[in-house]
Every structure is written in C-alpha cells, then in structure tokens.
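J.: Here the structure of chain U is known, so what remains is to put chain Y in place on it, guided by the hints.
Protein chains: 2
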Amino acid sequence: MKNPEINAARLLDRIQQLGAIGRDAEGRLTRLAASDADMAGRDQLVAWLEAVGLEVAIDRIGNIFGIWRTDTDANPLLIGSHIDTVIDAGIYDGCYGVLAGLEVLAALKEAGVAPARPIAVAAFTNEEGVRYTPDMMGSLVYAGGLSVEDALARVGIDGTVLGDELRRIGYAGARDAPFATPHAYVELHVEQGPVLEHKNLAIGAVETLQGISWQRITVQGVANHAGTTPMALRRDAGYAAAKVAAFVHERAKANTSGSVATVGSIAFEPNAINVIPSRASFTVDLRNPDEARLRQDEAALQAFLDEIAARENVTYTVERLVRFEPVTFDKQIVALIDEAAAARGLSVRRMTSGAGHDAQMVARIAPAAMIFVPSKDGISHNPREYTADAALVDGANVLLDVVTRLVGI
Amino acid sequence: MKNPEINAARLLDRIQQLGAIGRDAEGRLTRLAASDADMAGRDQLVAWLEAVGLEVAIDRIGNIFGIWRTDTDANPLLIGSHIDTVIDAGIYDGCYGVLAGLEVLAALKEAGVAPARPIAVAAFTNEEGVRYTPDMMGSLVYAGGLSVEDALARVGIDGTVLGDELRRIGYAGARDAPFATPHAYVELHVEQGPVLEHKNLAIGAVETLQGISWQRITVQGVANHAGTTPMALRRDAGYAAAKVAAFVHERAKANTSGSVATVGSIAFEPNAINVIPSRASFTVDLRNPDEARLRQDEAALQAFLDEIAARENVTYTVERLVRFEPVTFDKQIVALIDEAAAARGLSVRRMTSGAGHDAQMVARIAPAAMIFVPSKDGISHNPREYTADAALVDGANVLLDVVTRLVGI
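For the protein sequence lines, the chains are U and Y, in the order given. Numbering-wise (our numbering), the first sequence opens with residue 1 and increments by one. Numbering-wise (our numbering), the second sequence opens with residue 1001 and increments by one.
Looking at chain U on its own, in the form it has when it is part of the complex (with noise of 0.2 angstroms):
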C-alpha cells in the first residue's frame, strides 16, 4: 500500500470529454434528464466506473452507483453528485463531483487500501429537472420523499413520460437501489455562486443550505384603454406586479439575515402597449438558511401583497411551486473537510449552499455535507460556467482526503 493520490490529469481530461458529450451543431451543451444525449454520457460514465472494477447498479429511477464491495455488511459510504445538465450548460455543475468521485475511488483503489466499508459514487438521475419536475428527483426518490412510481410517471415539458424515457435509453432499473442507508454522504460541487472568489477562498465547508420557496404570483385587475382610463380609476395588475417585484428584491437586499429574493418570470395579459394589464403573472424565488427568517419572507409577501391588492383593487392568486426547508450538515463532516483543508494549506470557510443539490435530499437520511470549490464570477448554468484546473484538483484532493477519514484507512 503506498499514500493514495489523485491523477489531476486523467480527472481534467474526464471532465473535458463528458462535457463534449451532448453538444449540437452550435456547440451547445445540454444533457436533460432521460434524453439521448444523457443516455451518452451515461453510457461514458459506466464504461469508466466499469474499468475501475466497480460493481454498476442502476435503481427504478435511473440513479447509477459505482460500488466498491468490501466484505463487510457495513453501511457504504456514498460520495457523488448528478450528470444530467440545464440547456446550455457549462461542464462542472454536477459531473465534477460524480468524476472526482470516481477519481477517487480509483485512486484508493491503486494504493492497494483495504477500506473498512463499502464505498460507493452515485450519479442522481434528474437533479437539474429542467425537463422533469421536481429537480433533485433521484435523490429525493433515493431519500423516500417522492414514491418512485409518482416520479416514474411525471409528464415532461415535451410531453414524455420520464418512465418510458428511462426505459427507452436502458436506464430503467429494475430494483430499487443497492443500499437505502449509506454511512455518510459527501458532495463536491462548483459553489455557482462568488463568495469563494470575492474572498479568495480555496475551499467552502458547507454547513448549511438554504430553504428555498417558490411561489407563482398572479394578481387579476381590469383591462382598459391606456389613453382614455383616468389613473384614479385604473386596477393595473401589471402596476401590483411591479410593485411586489421591487418589494421583495428591496427587503432582501436592507435584510442582513442571508435573504435573497429574485422575481425571474413575468407574464401580463393582454400584453399590448395601449392597454392596462388586466393580469400579471410572476414567479418568486425567496431563499434563507434559516427556515424562521424564510418564513418571515413569505409572511412579509403575504402582507404586501394583502396592502397592494386592497390599494391598487386588484386580487391576487399564489401557487406554491417549491417549499424546502434549509439544511443543516453534518457537523463532524463539516469538521472533517475543514480539517482537510487546512492539512493541505488551502484557505477554507464555511459557509451556507444558495443552490440546492442532491446533499439536501440524502441528508434526510443519512450525515452529510458539501465541499465547494470557486465558480470563477459566480456564473453557472450558463457556458461560461468556469472553475481553474489547480481548484478542480484542490477540491478533489480535500474529497479524497474526507473520504479516506471516513472510511478508515
């Protein structure tokens, strides 16, 4: 047995073929859940966890575990993340952690280690869940919050049947997953946001997640003539909409609590120049770590949208799309990764994940955290998505040193 070490350029090279995988004839890259061109990347992933000798198990929902069988009956331990992408994606988001996952595991596996449990990388089918909703699906199947034949039968924005899409790539499975409970959970992902690069930080020791809420507005007024209806008179739905959105973005931003809110999408009708809107349709995205302060939000929404509809005589609907509470990580997993980073002299902090992740939803049943490495301006979903190769090799160099901790060697 020598010291295991992680071959930085075969995980670069990894993460540069997976993300050429899925490009159409402008370049763009895009790997929806079930999709042909998931299917390809899928089909790399398993070729790759096959030649590391892993056993690859497929569940009923699709999430692929690479498993590393001791002779222990010990819980495993479970590091991954998810390959499927948003349109257009950039090439970090996700397959990052299932690589260095693998990485890993390879890793380990060439010093000759003996680990004292099972050792597992999962790729989470449909976390992104542009195509099919929830996001976070496999995960969420994994964790028993969403029966499998509920998520089996979810219709996509293309009128597919995630069942029949799973079954038409050869992602069906047809048992449920290899083991309910893992030992412990660990995720490396990009953070997709700039606090690490704003702080010059190497590594995020993610302590918590934040609660997201997601809730559609639609707030009804009266249409009428923009020229002739005196303003006193007017019940502009679109003027409410207005309103709450810069409400929500103003009370955030004065909030020093972590609050973030975003109004993303809007739709009035009749959506003509010279007429007053007589409906304005907006999504809200508020987000704290901390499930009372969350809960303030929505009632501080709840009221102004209460005082704006008795002003403006406008009435209001709301949608509730998402709810999930912020999590807390496991603290001596958390530790761990700080520990980790230190040992290896990279700056490190913990912080709080504003984007949700597979971690959330194995973290209701099992201990787990998050290892985030910079995202190079913030930006993710979008091409330009970026992380510099020595921070990709950092991050793994932390996961790999977490897991050997965790697993005993």
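Just so you know, the hints here were simulated from the structure itself, not pulled from any lab data. This structure is a prediction, so every number in the text was calculated from the model and none was measured. Even glycine gets a Cβ: it sits at the ideal position worked out from N, Cα and C. Possibly wrong hints are sitting among the right ones.
Stated by the list, open to error - Cβ-Cβ distance ranges computed for the label pairs, FRET-style:
id, chain 1, residue 1, chain 2, residue 2, range
1, U, Ala388, Y, Asp1088, 53 to 61 angstroms
2, Y, Ser1257, U, Ile157, 43 to 51 angstroms
3, U, Arg320, Y, Ala1303, 37 to 45 angstroms
4, U, Asn313, Y, Ser1147, 54 to 62 angstroms
T.: Relative to the frame of chain U, chain Y by itself:
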C-alpha cells in the same frame, strides 16, 4: 323641404348588422384591416352608401368615400371614422361614426335640403393598426403624413403586405382621394373612457386630443443564479424594469396635469424562476393633452432610467415607437357642438380625447373636431363595449345639427 330627422331605428339596426359581420365560431368580432372580414364589412357599407344614392370612391390606400355631389366646386364637408376593428372587438368603435354619418346624409337627402357644398362620409382604412402599423393609417395617408407607397408596402403581423391584401379584397383604388382638402371634418365616436358616464353627461365636445408617446425600453443586466448571487452583487434587469414601471405609474397618478402612463407589455430573459433576468423589455405609453407636459413626462422617465441604470449597474436602450403631438381641434366647430347639444337639451362638456382618432390626422389639413357619447364603464376594444341606444341617437342628432350648420342649410 322638411326638417331633416335621423331615422333612429335604421341607424341602430345598421350598427347591429355591421357588428354581426366578422364573427368567428365563438362569436368573437374581428375585422382586421384588409382581411376577409373587413372586405365583408366594406361590401355592406358600400351597398348602404349606394342605396342612399351616394357616389362611392375608393382611394389608393383603400379609404371609402360616400359623396353627395352638389353643383358647386366648394370643398366638401367630411364626416366619418373607420370600420376596421381590433381582435375580439365591440361593435361601436369607429362603426358608429361612419354609420351615423351615413344616416345624417340619408336624413338630409330625405328632407330634400340643398346643401351649399358637397358632403361626404369616409371610412378610413386601418385605424386600429392591429394588423399593419401605424394605426390611423388611412387618415394619415389622406392627410399627407405618410406616403401611400410606404403604407401599401407595410408587412403585417401575419406576414402579408397591405397593398396585396387590399387588391385581394377589391379595395385598392387606382386614384388618390376624390378631394384633397375638406372644408371641415367632424367625427362622432364613443368615448372609450369613463369621463362622460362618470359625470352623467350626454355629449362630449372634444376640443383637444392627447399627445401620445410610445417607447420600448430594454434593460440589460446579467443573468445569474437566484440562490447563490448575493443581493449586493446583482445586476437584475427585471428589478430595474419593475422600478421604472412603478415610477411612471406613480408620477402620472400624482400629477394633476392629466398625464396617464401605462406599462402594458413586458418580457424577461431568460424568464426562468431561478435565474436573475439578464434582460427586461417593456413598453411605456405616456399621454398628455399638453405637449410641454408630455415632454416633461418623457424627460422624467429618461432621468429615472439614468438613475436606476447607474444604481443597479445595468444599461438600457430606448426605441421610440410612436410619437404624436397633442391636437387642438377647431374652436368654432367645438362651439357648434356645444351649441347643438345645448339646443337639444343635452348635457355637454368640453373634453380631451385620451385615444387617438382619424380626426387628429385630418386636423392637419382642415378644421376638425369630435363629438363623444358615453361608453358604459369606459370599456372599449372589448366585446363589453356598450353605449345605450338613446345615447347613440343623441349623438347622431348632434352630428346632424352640426353638419347642417357647417354646410349652410
């Protein structure tokens, strides 16, 4: 010769008959300019004009004139409006003025009077501007504000060319209008606003018409992750747009000079729940009866855009879509309207038109004014557009009396 009198039943019946032409399977009324439905409406109007013994002339832009020639070469008195409609329209907008004009000519003929100058009723092409821009096109061409070649080359929302469509429906006249300069122009129209009803008045003597400023503003920010981008680092195009929409509304509402402001249409990019908008495009419709004040409103918008762009670190572009200066109608004709209403015991008030009308174009070349009758709830461009029969008859009688005075009977 007897006293000329409107045939109220005939007028009301024709309004209903014309309103039945151009209905779809669901009963919705749509006669877009130069469409099959418009052709059917035009054919009906021409039949009625001919039945009264009027000479029918079609000019190159498709305006229909029904002319009562006299043996003088005096400039004719012109009355009229339009018979094209918006999508899912009411039956009064435009049609009422044309059919009341026809009824006035019929009443005068039936009374055996001998007018001192020719009288003509006009139905101007494409007042609504839904299928082809600009709106008020036929009267604009007639008044020399747009070349007929330019107008005929306009491409519609359905990809058609207006000149082709006018030929197809048989309304591409070979010659210019049968008279270039009318003696005067009077247009009777439903108010399309709530003022007359609100003040319980029968007749509006329209002395001014608001200036109109339409702009499309596009704000450019930076798309980023809604969960991971701190509020302080955002360049949120959607938030900036919401602030501008709120600003123009609130400024107009606080203003006592008669300003109205509407943000009627909006679009975000990428328009996703969890992505900060990189781009927000929206329209601003500003109107004021006073040119200096309208310029102040435009300048205030510009200043606010500069302020918000600097504060939010976004950029913006402005596209000017429509700009018409306010119109002051002819004082003598407005006084005639006032007197005619009062003589019939009808309550009347001087007022401003909030909407654009063919009269504003004809006012460029001849003394012009408008007569308004109340619109129930101020609703227009909507199947619920409604004016009571008695009010329609009142308006037609005032038109009759004004015409009688203007042609020296």
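J.: All the hints need checking, so say for each whether the structure fits it.
T.: Status of the hints after comparison with the structure:
no., hint, verdict
1, U:Ala388 - Y:Asp1088: 53 to 61 angstroms, "holds, 57 angstroms"
2, Y:Ser1257 - U:Ile157: 43 to 51 angstroms, "holds, 49 angstroms"
3, U:Arg320 - Y:Ala1303: 37 to 45 angstroms, "holds, 40 angstroms"
4, U:Asn313 - Y:Ser1147: 54 to 62 angstroms, "violated, 46 angstroms"
In this structure, the one hint that does not hold is number 4.
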